[in-house]
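Participant: What follows is the residue order along each chain.
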Amino acid sequence: MSVKAFANIWFLIQKDLNIELRQRYILTSILLYVVSTVFIISKILQTVSPMLWNAIFWVVFIFTAVSAMMKSFTQEMSDRSLYYYYLVGPIEIILAKFIYNFFSLMAMGLLLSVSFIIFINNPIDNYFYFFLGVTLGALGIGVIFTLVSSIASSGGNSATLMSVLAIPLVLPVILFNLQITGTALNILQDTAIVNNISLLLAIIGILIGVSLFLFPQIWRT
Amino acid sequence: MKGSWWKILSVVLMLYVIVVGFLMPLKPGIVNVTPQNLNSGEEVTLEVELYNADITEQNKSQIRAWLIRDTTYILQSQRVNVVNDQLLEIDFNLPEHLPTDEEVMAFTLVVDAPDMGSSVLPSGIFVGQSGGNQSLGAEAWSRGGLVNLSVYKGFGIPYRNLLAETLRNTYFHVSLWFAMFILYFVSVIYSIRYLRKREVYFDQVGSSLVEVGTLFGILGLITGAIWAKNTWGTYWTADVKLNMAAISMMIYAAYLVLRISLADADKRAIISSSYNIFAFFIIIPLIFVIPRLTDSLHPGNGGNPGFGGEDMDNTMRMVFYPAILAFTLLGLWMANLMMRYKRIRNKLDEI
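As given, the protein sequences belong to chains A and B, one line each in that order. Going left to right, the first sequence walks through residues 1 to 221 as our numbering numbers them. Going left to right, the second sequence walks through residues 1 to 351 as our numbering numbers them.
These are computed hints drawn from the structure, not numbers from a lab. Think of the CB as a built atom: it goes at the ideal place given N, C-alpha and C, for glycine as much as any other residue. Possibly wrong hints are sitting among the right ones.
In the SDA-like style, the derived pairs of lysine to any residue whose C-alpha atoms are separated by at most 25 Å in a straight line are [claimed, not checked]:
#1 Lys267/B to Ser67/A
#2 Lys2/B to Met334/B
#3 Lys153/B to Ser118/B
#4 Lys197/B to Gln189/A
#5 Lys267/B to Tyr83/A
To give a feel for the contact side, a few chain A residues facing chain B, derived at Cβ under 10 Å [as the list claims (entries may be wrong)]:
#6 Pro90
#7 Ile144
#8 Ser154
#9 Ala166
#10 Val210
#11 Ser211
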C-alpha cells in the first residue's frame, strides 16, 4: 500500500460523503425510519424487558442497515464505475466502502441507541460493552452488507436480492452481538465476553480477507 | 466403463454400508433395572432386563454381577438367577456403610457371562445411607475384584443406554454431513477456478456440487431430526448446533434463490461463484466453532464428548469410514450428472 493508495481511499470516502450530503433525502429517510420504528415499538410494547430490548434493538439495526446499505453500490452508475475502474484499484474501492459504511452504520447505531433510550427505556448496565457491541456490529454488518450490496448491484434486481442474501449471512455476527450487548444489559454473565469478542473479531477478519479476494472478481463485471 | 470405477465403488460401498450397518447386531446391554434406589445394609434382589443377551445352558451358571464405583469400590453379587434369556434376578448383600460421607452414592452395574462379554449400566444404581462411616464403608466395599472378565465373541457394535439401536444412524447422519462438507469444499475450489479462468465448465461443476451438497445437508437435518425424536424425545429443539445447521442451510438456500433470480448466464456464474466462496467461509465458524463454545445437547459440542472412545469402536469404524466415502462418491456422481444436464441444456439454449 503506497501513500497514493491511502490518498485514493481518502478521496473515495470524501466523494461518498459528498454524495450523501448532496442527496439529503437518503439521510433524512433513514433518520425518519429509525425514529418512527422506535416510536411505534414503544407505543405497541408499553413495558420492554431487557431481553426483548436487546432482541428488538438488533432486529431494527439489521433492517435499517439493509435499507441504508442498499444504495452503497446501486448508486454508482455504470459509466461512473468504469471511470473509477481506470482511476483506482478495486482493493482501494472496497476498503473505502468498508470504512465509509462502518462509520455510517456506527452513526446509525448511535442514533438507534439514543432513540431506544429516549423512547423505550434504558436497561444498559455496562456502557463500555454496549458500545463495543454496537461498534463490532457496525463493523461486521458493514463488511457483509458492503460485499453483498456489490454482488446484488451487479445482479440487477437488487432490493430483493440484497435482503435474501444478506440476512442469512449476517446471522453469525448478530448472534455474537446479541451476547455482547446482552452482557452489557445484564441478561448474561460476563464469563464468556472475552471469548465472544475475540471470536467475533476472528470472523470479521476472515470476512474482510475473503472480501478483499472476491471484490476484484465481482468488480470486473 | 473405464472411467467409472468410482461410480461402481460408490454403489458397492453404499450397499455394504446399508447391509452391514443394519445387520450387525448390538452387543448385550442392560436396558432397565428395578429397583434403582437402594439403601445400605439391606439385602436386595435386582430385576435386570438385558438386551441382545445370549444366555445359553452352558454359560447360565457362570453369570456374575458387580456394583462398582471407579473400579476401586467393588461389590460382587450373592446369587444370579436366570428368569429367561432377557431377564435376570441378582441378589446383592449391601454393606452397612458406604465409602463416602454423603447420603447417596451412584454405582455402576456390571453383568458378565462367558462369551457374552460384560454389560454395563453406568451410574444407574443409587445407594442411600443414614449416618455413614467412610472408613468402615471403604473397607467393606473393597473386598471384591473384577477378575476374568469375558470377551464378546463375534461382531457387534456397542450398546449405549438411550441410543441402543439408533446408534446405527451414525453411519448415515454423520456421514451425510461429512460428505456435504467435502462437496462444498470441492465446489469452492471450482468457484475459485471459475473466477480465475472464466470458463463456464467450472461454474457448472461448482454449482452442481453446491446443489448436491445442499441436498445432503437437508438429508442430514432430517436424519438428525429422526434421531433426536428417538433419543431426546423431540424432532427439533432450540439447540445451538441445530440452529447453526439451520442457518447454514438458509445461507445455501439463498444461493439457490440467487441462481434462479439471475437470468444472464455470465452474471449468474460470477455472482454465485463469489457468493459460494463467501458462504463457505461463513459456515465454518457456524458449524465447527460456535457450537463448541456454548452448551449443547449435540455430541461433540459444549463439553459433550463426541462419538469417539467407547462409543465408536473398531467394528463401527469398519462401516463408518466406508459410509463417508460412499456418500462422498455418490454425491460426486450426482453432481456429475447435474453438470452434464446443465451442459446439454446450455447447448440446447444456444440452438
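Participant: Compare the structure with the hints numbered earlier in the document and write down the numbers of the violated ones, lowest to highest.
Facilitator: Those not satisfied are hints 4 and 6.
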